[in-house]
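Chemist: Those protein sequences? They're chains A and B, same order as listed.
Per my numbering, the very first residue in the first sequence carries number 1; after that it's consecutive.
Per my numbering, the very first residue in the second sequence carries number 1001; after that it's consecutive.
Source of the hints: derived by calculation from the structure; they are not laboratory data.
Incorrect hints may have been included.
[Stated by the list, open to error] Below 30 Å or equal to it, Euclidean Cα-Cα: the simulated DSSO-like pairs (lysine-lysine) are:
{"id": "1", "chain 1": "A", "residue 1": "212", "chain 2": "B", "residue 2": "1224"}
{"id": "2", "chain 1": "B", "residue 1": "1224", "chain 2": "A", "residue 2": "122"}
{"id": "3", "chain 1": "A", "residue 1": "126", "chain 2": "B", "residue 2": "1224"}
[As the list claims (entries may be wrong)] Cβ-to-Cβ under 8 Å is the rule here; a few derived chain B residues that face chain A:
{"id": "4", "residue": "1198"}
{"id": "5", "residue": "1199"}
{"id": "6", "residue": "1201"}
{"id": "7", "residue": "1219"}
{"id": "8", "residue": "1225"}
{"id": "9", "residue": "1227"}
{"id": "10", "residue": "1229"}
{"id": "11", "residue": "1233"}
{"id": "12", "residue": "1239"}
{"id": "13", "residue": "1245"}
{"id": "14", "residue": "1248"}
{"id": "15", "residue": "1283"}
[Claimed, not checked] Pulled from the structure, derived: some chain B residues nowhere near chain A, Cβ distances all over 10 Å:
{"id": "16", "residue": "1005"}
{"id": "17", "residue": "1165"}
{"id": "18", "residue": "1236"}
Ideal Cβ placement from N, Cα and C applies to all residues, glycine included.
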Amino acid sequence: MVGTYKCPGCGAPIEFNSQAGELVCSYCGTHVDVSKMNSETDKYDCVVEDLEKEDAQYGDFDSYKCSNCGAEILTDENTSATSCSYCGSPAIIKERLRGQLMPKSLIPFKHNREIAKDEFRKWTKKGMLTPACFRKEATIDSIKGIYVPFWLYDYNVHVDMMANATKVRTERKGNTEYTHTSHYQVNRVMDCSFTKIPADASEKMPDSVMDKLEPFNYNELRKFEMPYLSGYSSEKYNYTKEEMNYRAESRARGYAFTECRNSIIGYSSVNVVHSNARLQRLGATYSLLPVWILNYVFKGKQYMFAMNGQTGKIVGELPISKGKAAAWFGGVFAGVSALLLLLGGILG
Amino acid sequence: MRNILKKSLGFIMLITVFTGLCGYTTEHDKVYDEAGLFSQSEISSLTDMAERYGNEVKLDLVVYTVDEYISKSVMETADDFYDDNNFGWDDCDGSGAILLIDMYKRELWLSCAGLAQAYVDEYTEDKILDNIEKYAADGDFYGAATAFMEGVYDAALDFRKDSDYKEILDNWYEGKYDTYDDIASMVEPKEPNFFTSFKNPLLSMGIGAVCAAIVVGIMCIHSKTRMTVGSRTYIENQNFPVRQDNYIRTTTTSRVIQSSSGGSSGGSSHSHHSSSGRSHSGGGRHF
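Here chain B stands alone, though its shape is the one from the complex (with noise of 0.2 Å):
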């Protein structure tokens, strides 16, 4: 008997610690699915992914779902949620992404903390949500679950790759900080310019094929001559007895031009603090 005790409490401990160095702050579920969105099936794919990707990445990824009338903005629900939950990385400041879908509200919401505020800048923040959006407006919530994970996993690689920001990465394993805020203005975003476009592979292809196509018409052409004369070549005694330009009248025309309002200057974050007093960075969508 006591035997067994001993055993299953070395077990328990066992897991305990190793639990722990996994990373997470607890042990708990990726998937809070109050609103019975997602199959048994899929709540398992989608804790594995999120369990993958966020040991991959050392973030926490959660998506909660509900569906009754909730008085808190989608926001606050959101960063509540994590926050109350004690969800996030074992890192200085709880690193991890929450996307909430509020089914009474049709409202999206995605919130990071910790690092993920800083893999997930305003530009990224809205490519993904755009994502997630075109799923959960077809009604496809394991799609948008999906995309929001990979969304923000891929944003971690990015940053993480990048070598500017190595040394900011290391310091943050290593405890030189204590909350997201330390950094927040070491961090620019990453404002997308002309040569963005290029990164996508179809683009840059079909700008290829279009150019090729010139190029070739135009040797195509060149094989085959032109015609030399046009309209001044036989003509002589050109003269214009009547020579008329009359003015009518002018109307006009005029717009009011909308003052575009710029992109932020690097270094200005676009967190928030959430009631407990830790910055989230977030944004929604309605579907």
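So here's chain A without its partners, still in its complex pose (with noise of 0.2 Å):
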């Protein structure tokens, strides 16, 4: 069933506010916080007559009723809050966020769709390969925030690790040039551990537009209740715990490592002959994080353009204007060869 958060005051649909921090009612202005929301759900919740879920007709696609209008909502299997296309209305899909569905954590949204719609404006103006039109074409009405279902992840790690060293020094006594290479065994057992490590459950995003939104402040990330939704998009898990424990794996892995290579210092040369890590999954958490999506086509290629709702950082490809690039080519091409025959003509 599809719920709407009503505004106490004046019964109208009420979203939550980034800026307040709490839900705020755009017509009459009541502030509500989170959590005394939700634990008035049933009084306002004005989820009216139990509708049912008609799927299977519509194959990938769920259809719920509006409670606000009416109008049918269409959805996919993973979406969990949407807002209603005809009416506005947001509408909270309740059975995908409950019981094993129900996230333990989420991060709110800290900049409001006016800023990050600024900031997709202001970035279209930024690179100097950009095409002249992209920055005037963009479309930016339909950005969209959303809360990306991410797990979290917990290791301790241990690594054993052996590498041979050398210290180079030369020394010139006369005109003989001594080289002495000190030859070293070096062994490292390197104990740590690794929080929250994220890993994108969603199919629909892709990773490598999310691993680049990171780092997330989980210092903000606050215990789940359903309110923060109310005005989003939102999406359950696609993939569980298990599937992505492989990927958040490897980053801890390829950290770890890391970590004890780099304490091998004031080297001339390191040879790591022997390295092993052991890990210990302590857990994984459900959270949804904030992000602002703008899906675009330019000059028929698909971008997408993403923006961290909580830190503000962007990320997102710029398309590159063959005609500047060969420009730049050239002018510095020529500007080089120029400049360089001058000066072996003067000073050569």
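Fit the two chains together into the complex; they arrive one by one in their own frames, and the hints show the way.
Modeler: Given below as structure tokens:
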């Protein structure tokens, strides 16, 4: 069933306001704290007659009835929050957030839609190779705030490493040069833990983009409450924690080796002969992290622009204008060549 | 009869005066091909070239090839051939250059007299000889002779363009000096430095292209976003129960450094005096 949170003051649909950090009614201005909203859910949740879920005929899509206007809402099987395309009311699909599917925590959006749009506009103006028309044409209205499902993994790692290293010193006596090479055997054993390594659990979100949005500031991680989702889209996880484990574990392993290797310092050369890591998975929490997403098409190619909804870090690929690239190439080539020829002529 | 005699005498005198104006001390061939390395057309082409270049930079250019054993060194052979035959431009010291190709000894020798010694300093000489050697090693002696003439011609042009030497050149042609020895100390060999290599357009353009590629490459990478997390982002409680750096042994190698012969300071000449007493500069190669 689809729920919409209603303002206790005027009954209009109420959304989470990132500036205020709580729910704010855009009609009457009433502020309600998230936890208070949740506890009074039954009173204000205007879910009407328990409407069934119709699927099957829509294949991958499920259909719900909007609790505000009664229109049909189509969602795919992973969406857990969205907005009604007719009346714009936030629609939260509660059964996708219950039980096992309930996230443990989330980081609320810090930047609102206006700021996200602004940032996108600013970003399109950057880049020395961006085609001029891109800056003007880019469509920003369809920017969407999504809570992306993540698994946050904790590991303890134990690393054994052995390396052969050398220190080289040269000395000159008269007209003979002596090279002294001191050989060392280096051993390291390192213990450490990694907390909350994120792995995005949504099939729809490309990992390459999600990875680059990191880091999120976990200090603002809050216990999950449904009202946070009001006004945003959200997904439940596609991949289970077991499925994503390999990805997170590889990262932990890689980081551990890097850290251990970086502790071998002060040598002219280091050759790692043997290394081994033992991981112990402490647990994985299901968490929702805020991301602003904009999918756009430019000159036939699809691009995704993403912005970390908490830190504001932007991930995106600016299109490259071949014309501008060629112009830069030509300019630098001509300039440097001319300069060198001139120098050769004058000072050579 | 008398008329014809008078006319031909006049004509001969005209020619002598004309060649005298041409500038060579004596009228002579430019190519002495005793080893038979060149075809007739090559000889006439080389002669043409020698006269054209020579007239422009006021040098007498000669090519001499031998293929029988000569007891003298190639240096002496070249110098003596030049001096004995009175080659040279009609200036105070018979400026010119001769290339000797000795097929018996398989050696080349380039000898410069008069002003040519100033035009072709030790560094230029090396470059020209390297060039000639390449052709000679391939058996392309026509190419070698051409390389010789072009090399000396270019060197002469460079020197004569140089404003620093304008005064010396003017004085030379006015006869203020007796021999090259008088001005030897005033000429500084153009030691190549770091910037000389940039004169080569291929090198300069190559570097230009590489720089351009790097700049555009950086701009392309700039347009893509980078990972901001690393091994330290999620790490906690890091400690090292074992941390050993065990010294094993030291090995020592040594090498003797050759002290490189420094470049000669400006002013010291690389000329010698030939048997006739006149100064020549020169260098040779085996091929």
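Chemist: Each hint: holds or not?
Modeler: Evaluated hints:
1. About 10 Å separates the Cα atoms of residue 212 of chain A and residue 1224 of chain B, which keeps this hinted pair within 30 Å; it holds.
2. Taking the CA atoms of residue 1224 of chain B and residue 122 of chain A, the gap is near 15 Å; set against the 30 Å cutoff, the hint holds.
3. Annotation: proposed proximity of residue 126 of chain A to residue 1224 of chain B holds, straight-line Cα distance about 11 Å (limit 30 Å).
4. Below 8 Å, beta-carbon pairs count as interface contacts, and residue 1198 of chain B has one with chain A at about 3 Å; its hint therefore holds.
5. At a threshold of 8 Å, the smallest CB-CB gap from residue 1199 of chain B to chain A is about 4 Å, leaving the interface hint in force.
6. Taking 8 Å as the C-beta contact cut-off toward chain A, the hint placing residue 1201 of chain B at the interface holds, the least distance being around 6 Å.
7. A least Cβ separation of about 5 Å between residue 1219 of chain B and chain A falls short of the 8 Å threshold, and the interface hint therefore holds.
8. Residue-level restraint check for residue 1225 of chain B holds (minimum Cβ-Cβ distance to chain A is 5 Å; threshold 8 Å).
9. Interface restraint check: residue 1227 of chain B against chain A, minimum CB-CB distance 6 Å, threshold 8 Å, status holds.
10. The beta carbon of residue 1229 of chain B is positioned within 8 Å of a beta carbon in chain A (closest approach about 5 Å), and the interface hint is therefore held.
11. Because the smallest distance between the Cβ of residue 1233 of chain B and any Cβ of chain A comes to about 5 Å, under 8 Å, the interface hint for this residue holds.
12. Evaluation of the residue 1239 of chain B hint against chain A yields a held restraint, the C-beta minimum of about 6 Å falling below 8 Å.
13. Checking residue 1245 of chain B against chain A by beta carbon gives a least distance of about 5 Å; that is within 8 Å, so the hint holds.
14. With a cut of 8 Å, the hint placing residue 1248 of chain B at the interface with chain A holds, because the nearest CB-to-CB distance is about 5 Å.
15. Restraint check, residue 1283 of chain B versus chain A: the minimum CB separation of about 22 Å is more than 8 Å; hint violated.
16. For residue 1005 of chain B, the non-interface assignment is confirmed: its Cβ lies about 59 Å from the closest Cβ of chain A, beyond the 10 Å cut-off.
17. With 10 Å as the threshold on Cβ separation, the claim that residue 1165 of chain B sits away from chain A holds: the shortest Cβ distance comes to roughly 17 Å.
18. The claim that residue 1236 of chain B is not at the interface with chain A is violated, since a C-beta of that chain comes within 10 Å of its own (minimum 5 Å).
Checked against the numbered hints above, the structure violates hints 15 and 18; every other hint is satisfied.
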